Amino acid sequence: MPTVRWNIAVSLDTGQTLRLFLAIQSSGRTRSLTPTAFCAEVLS
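Going by our numbering, the sequence shown runs without a break in its numbering and finishes at 172.
Source of the hints: derived by calculation from the structure; they are not laboratory data.
Small disclaimer: the values here were computed from a predicted structure and weren't measured.
Glycine residues also receive a C-beta, built at the ideal position from the N, C-alpha and C atoms.
Heads up, some of the hints might be wrong.
[Stated by the list, open to error] Here are the in silico distance ranges between beta carbons for each label pair:
1) Pro130 x Ile152: 28 to 34 angstroms
2) Asp141 x Thr162: 17 to 23 angstroms
3) Pro130 x Ala151: 15 to 21 angstroms
4) Ala168 x Ser139: 16 to 22 angstroms
5) Leu140 x Ala168: 17 to 23 angstroms
6) Ala168 x Gln144: 23 to 29 angstroms
7) Thr164 x Ser139: 15 to 21 angstroms
8) Asp141 x Ala165: 28 to 34 angstroms
9) Ala165 x Ser139: 16 to 22 angstroms
10) Trp134 x Ser154: 19 to 25 angstroms
11) Asp141 x Thr164: 16 to 22 angstroms
12) Gln153 x Thr131: 17 to 23 angstroms
13) Thr162 x Pro130: 16 to 22 angstroms
14) Ser154 x Thr131: 19 to 25 angstroms
Work out the full structure, taking the sequences as your base and the hints as a guide.
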């Protein structure tokens, strides 16, 4: 499947909250929380 990159801007508080949520969802797996990886996770 082809991929698409998105650039989004969110508040610092929103970014930190969503990164924490994704870290918890990863169940201890190592995960890159770069903005690109974050967007890919949210949109999947």
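Structure-based check of all given hints:
Between Pro130 and Ile152 the Cβ separation comes to about 30 angstroms, which falls inside the hinted range of 28 to 34 angstroms. Taken as a hint, the range 17 to 23 angstroms holds for the pair Asp141 and Thr162, whose Cβ atoms sit roughly 19 angstroms apart. Distance hint check: the CB atoms of Pro130 and Ala151 are about 28 angstroms apart, inconsistent with the given range 15 to 21 angstroms. Look at Ala168 against Ser139: about 20 angstroms separates their beta carbons, and that is inside 16 to 22 angstroms.
Checking the proposed 17 to 23 angstroms range against Leu140 and Ala168 shows it holds: the Cβ atoms sit about 20 angstroms from each other. As the Cβ distance of Ala168 to Gln144 is approximately 18 angstroms, the hint placing it in 23 to 29 angstroms is violated. At roughly 19 angstroms, the beta-carbon separation of Thr164 and Ser139 lies within the given 15 to 21 angstroms, and the hint holds. Checked against the given bound of 28 to 34 angstroms, the beta carbons of Asp141 and Ala165, roughly 20 angstroms apart, lie outside it.
Look at Ala165 against Ser139: about 19 angstroms separates their beta carbons, and that is inside 16 to 22 angstroms. The hinted range of 19 to 25 angstroms is satisfied by Trp134 and Ser154, whose Cβ atoms lie roughly 21 angstroms apart. Checked against the hint of 16 to 22 angstroms, the pair Asp141 and Thr164 passes, with Cβ atoms roughly 20 angstroms apart. Between Gln153 and Thr131 the Cβ separation comes to about 21 angstroms, which falls inside the hinted range of 17 to 23 angstroms.
Between Thr162 and Pro130, the C-beta spacing of about 20 angstroms keeps the proposed range 16 to 22 angstroms intact. Under the hint 19 to 25 angstroms, the C-beta atoms of Ser154 and Thr131, about 20 angstroms apart, fit the expected range.
Of the numbered hints listed earlier, those contradicted by the structure are 3, 6, 8.
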